[in-house]
Amino acid sequence: MIKFLFKGILKDNSRSLLPIIVVALGVALTVLLHGWITGALGDSIEMNASFNSGHVKVMSRAYAKDFGQMPNDLALLDADTLVNKLKSDYPDLDWVRRIRFGGLIDFPDEKGETRAQGPVVGWAIDLFIPGSTEIGRFKLQGAILDGKLPSKPGEALITSDFANKFSVKPGDAFTLFGTTMDGGMAFRNFTVAGTVRFGSSAVDRGAIIADITDVRKALGMEGATGEILGYFKSGVYNDMKATALMNDFNQKYEADKDEYAPQMIRLRDQGGMAEYLDIANAMGAIMVFVFVMAMSIVLWNAGLLGGLRRYSEFGIRLALGEEKKHIYRTLLYEGLLIGTIGSVVGTLVGLSASYYLQVVGLDMGDMMQRSTLMMPTVVRTRITPAAFYIGFIPGVFSMVLGNALAGIAIYKRNTAQLFKELEV
Amino acid sequence: MRNFEIIKIENLAKRFHMGEGDFTALRDINLTFSKGEFTGLVGPSGSGKTTLLNIIGSLDNPTEGKAIVLGNSVSELTHKQSAVLRNFHIGFIFQTYNLLPVYTVFDNVEFALLLQKHSATERQKMVMEALDWVGLADKANSKPAQLSGGECQRVSIARAMVKRPEIVLADEPSANLDATNSHHIIQTMKKLNRELNTTFIFATHDEKVMQYLDRIIHLKDGMVEKDEIMPELKTKSHVSL
Ligand SMILES: Nc1ncnc2c1ncn2[C@@H]1O[C@H](COP(=O)(O)OP(=O)(O)OP(=O)(O)O)[C@@H](O)[C@H]1O
Ligand SMILES: [Mg+2]
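Chains as they are written, first to last, in the numbering used here: chain A, 71 to 494; chain B, 5 to 245.
It cannot be assumed that every hint is accurate.
[Claimed, not checked] Keeping only pairs whose Cα atoms sit at most 25 Å apart, straight-line, the calculated SDA-like set for lysine to any residue is:
| hint | chain 1 | residue 1 | chain 2 | residue 2 |
| --- | --- | --- | --- | --- |
| 1 | B | K84 | A | K81 |
| 2 | B | K195 | B | V106 |
| 3 | A | K73 | B | S123 |
| 4 | A | K81 | B | V106 |
Calculated from the structure, these hints are not laboratory results.
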């Protein structure tokens, strides 16, 4: 019987080919979109973590109240002791010091007069200490367009859009103007070591990256740092671990009522990241739901049409002594079989397309010109283990559901009525 | 051998719900059919022929009265029991053949055996024998679309006969066929009726079919108008092939 039905499925294109194409298409889209969204969200989350939020971040309580404003007058003093303590207390993470700052950058002409001037945001990171993980974290090697990485104090990187705007090239000198910790005026001369492009409009518009020792000197922040960032050595943010870590750390300072005492927050607690994380986590379920709905409706209709065409077959099978229940069940098996075949095909297609977009990426730079979100302009899909099975849920489910709904007609009509329809 | 009674219909009525009132399709039907009969239900369109065949075939239930088929009261059978009755004991032949277009002639006939427990070799033998009866053994691997109307109807006779049912119900089997083919398929059925002692009940308006019947039951407005046994001689003369 099974063999007989299988033969029928193979020989009847409208029963196999069309639904398989529909299922495969839906499944391929599910897989691709899932990969796309996980990729886009994952890249954004990672980029944010690398540049801004860390997986966890330690600041003074006062700084933490307003950390978006980079209030360096409220920075952690004696930061290096704290970094060392974090390193020994929590060796699962890389701990790095950062100063985030804003300022004005001034390019002089030959006579030393101002040739061009503009606002910048700055990252002071550890460029020179041996074994610094920061160069890798910012992907600086790959980001360099012109020149080289800073190799000695007084050298800095500037972003390419900015460099182009002011026609600056490696070797040029500039002055950074800022505010010292005490609210005084600060300035320091730097040389452009190289120009970089990170692929995020929000950063590339105007940023400078310099060694933290230089910036400490420039801003009068000797021994201090605005933020200490912690990164899980796995490279992947883990909300549960971060929460446990945060609670453990903050508890140690509970008794200390000083507003300059350190405080830890998670990636999740910073600038819209909570939604990102939640969407990234819910994405699988959302995609599956949307495609189950959409495909079920299409397949239900395809099933209804197929079912109508097959009334004569059902009628004959009833006449030959098959029970309605059995016919209905075989219809579900058919759905299962076709759904599975379609899902396999669709997953293969979806994975190939995802793989292509993972390698090549899609440049969305033009669409994100004005974006202030830290989001890579080249979006790449990401193939996660879920990509291999996620399509099967809507694929199989919708096909079986479609056939199940279509098959209800067999039950609704009484047997003789199915026969009436035979006679016409 | 002839007088063995296999179908008994007692005070049967069938009504269909139609909007406001009920429509009476059959009433006061009292009939018995014996093993090996070759009988026709004859009457104008709408007289209830198909309705009566459906009830005998356990595809539909009487509203009143009883239809007892091979000792089973149709209205008291469960879905499963009536499926078993059809599966083992009743064959159907339709006006429109109703072959499954994607399958071969062989597959179409074999289909009738799949719900029964036969081995593949047994099935092969039974199917080929049935195709032999209707003279289509050489078309076993053709698709229905490659056959003429008469050949299609002969395949559907083979499908109805392959499980050797006690009863075959044929609703207007010749309506789509020309005269030659009509004679041919009726003669085929008559031959099987003789050889296997299968009971055939037809619904028909076709004069050509009527010539072969041993008994004609005239229906009119859902009632039996006349129940006539045909003289043996008359039918005999036509059977000679
Ligand atoms: N399911 C149904 N619902 C309502 N009325 C029905 C139904 N089935 C049959 N009828 C009615 O019952 C009457 C008898 O129908 P039936 O099909 O038995 O006639 P018939 O003798 O086979 O006619 P024909 O020679 O045209 O095939 C008709 O008037 C028909 O409209
Ligand atoms: Mg009829």
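Now the hints, each set against the structure:
{"no.": "1", "hint": "K84(B) to K81(A)", "result": "violated, 30 Å"}
{"no.": "2", "hint": "K195(B) to V106(B)", "result": "violated, 30 Å"}
{"no.": "3", "hint": "K73(A) to S123(B)", "result": "holds, 14 Å"}
{"no.": "4", "hint": "K81(A) to V106(B)", "result": "holds, 6 Å"}
Checked against the numbered hints listed earlier, the structure breaks hints 1 and 2; every other hint is satisfied.
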